[in-house]
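Q: Read top to bottom, the protein sequences are chains A and B. Positions 1 to 116 (our numbering) are the ones given, in order, by the first sequence. Positions 1001 to 1197 (our numbering) are the ones given, in order, by the second sequence.
Rather than coming from a laboratory, the hints here were simulated on the basis of the structure. Remember, predicted model here, so these are calculated numbers, not experimental data. All C-beta atoms, glycine included, are put in the ideal place defined by N, C-alpha and C. Check before you lean on any hint, since a few could be wrong.
Only pairs whose alpha carbons sit at most 25 angstroms apart, straight line, appear in this in silico DSS-like list of lysine-lysine [as the list claims (entries may be wrong)]:
no. : chain 1 : residue 1 : chain 2 : residue 2
1   : A       : K10       : A       : K69
2   : A       : K69       : B       : K1085
3   : B       : K1110     : A       : K10
4   : B       : K1117     : A       : K10
What the simulated footprint calls covered on chain B by chain A, stretch by stretch (three residues with Cβ under 8 angstroms from a Cβ of chain A suffice, anywhere in the stretch; the number is not a length) [unchecked claim]:
no. : segment
5   : 1014-1027
6   : 1103-1117
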Amino acid sequence: MEPNDIADFKRQIRAHLSAVLLLAALVGLNVGVTFLPGEGRLRVGVQIGLAFLSGGLVLTCFMHLRSEKTMIYAVLALTCVLLAAMMVLTWVARHDHPAMTEYHPAAPPPAPHHVP
Amino acid sequence: MDIPHTVELREDTGLYNGKVGMWLFLASEVMLFGALFSSYVLLRESHPDWLHGAAKDLSIFWGTVNTAVLISSGITILLAWAALKLRDFGQFKLWMGATLVLGFLFLFIKGTEYAAKFQHGHYPNTHTFYAIYFVLTGLHALHVIGGVAVNAWLWGPGARLWLTEPERFTNRVELAGLFWHFVDLVWMFLFPVLYLL
């Protein structure tokens, strides 16, 4: 490496290290949201969103997807399409249970009769 | 016999072959974990009392510690690769050694968590949640073991390649790092999905 390249490379590595702090903050935020009062789809959505942000940071910074070659992007684009199709199909078909595989929670036991 | 394009870039892709191979492998891994995540969604949506008496037993504290361990190991393997780029083999040994230690630490904590689950009578056949929990985290742990094995080889006997073909060795470390970051990436989804939701 030329001296200029070395300086540039070291600058990139420092940028990666600062990205780690952001990643840690995102994970901390995700854990923090867990302890907020209330349940439901909104919280699930927020936590999944934070997970995607964390994953995106790992992909772009640590796996160098910010500056990759076209072929890698092409491979990943196809993978994303297939993955999204699989997830959508799963979601659409989530209530299509084959016969005899539906879950029926057991009925609560009847209250005992008081016999005088 | 020389294997072509282990160091020099191909004209058509602009990449060395190992990198294309690793990304294709990671794409197949995305589909493998994706299928299991879609199973998780299906099971969670189908089971009315999905979390009843099960998920609250997972330790968010230890899950968070393991996340910190994996993130730290992502930094150390990055620094190991950077050290090779800067021709500092001593620093490479140091950072790759640290990556190995952190990998073992992750497995130790995971093993402790498994032991606690078994002690409390939670097995894969105990509950739908634990079925998917053990499958997802078990498969992830197998990947960590695979990554640790490759990293240990590169840190130990495989490092001899540095003496004869430093560029090729640096590329190998880069590929090991890609795989390790992928393991990290999967955990970024496993942790909230299993421990936090």
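Q: Against this structure, judge whether each hint is valid.
A: The hints, checked one at a time:
1. A:K10 with A:K69: 22 angstroms, holds
2. A:K69 with B:K1085: 20 angstroms, holds
3. B:K1110 with A:K10: 34 angstroms, violated
4. B:K1117 with A:K10: 44 angstroms, violated
5. 1014-1027: holds (count 7)
6. 1103-1117: violated (count 0)
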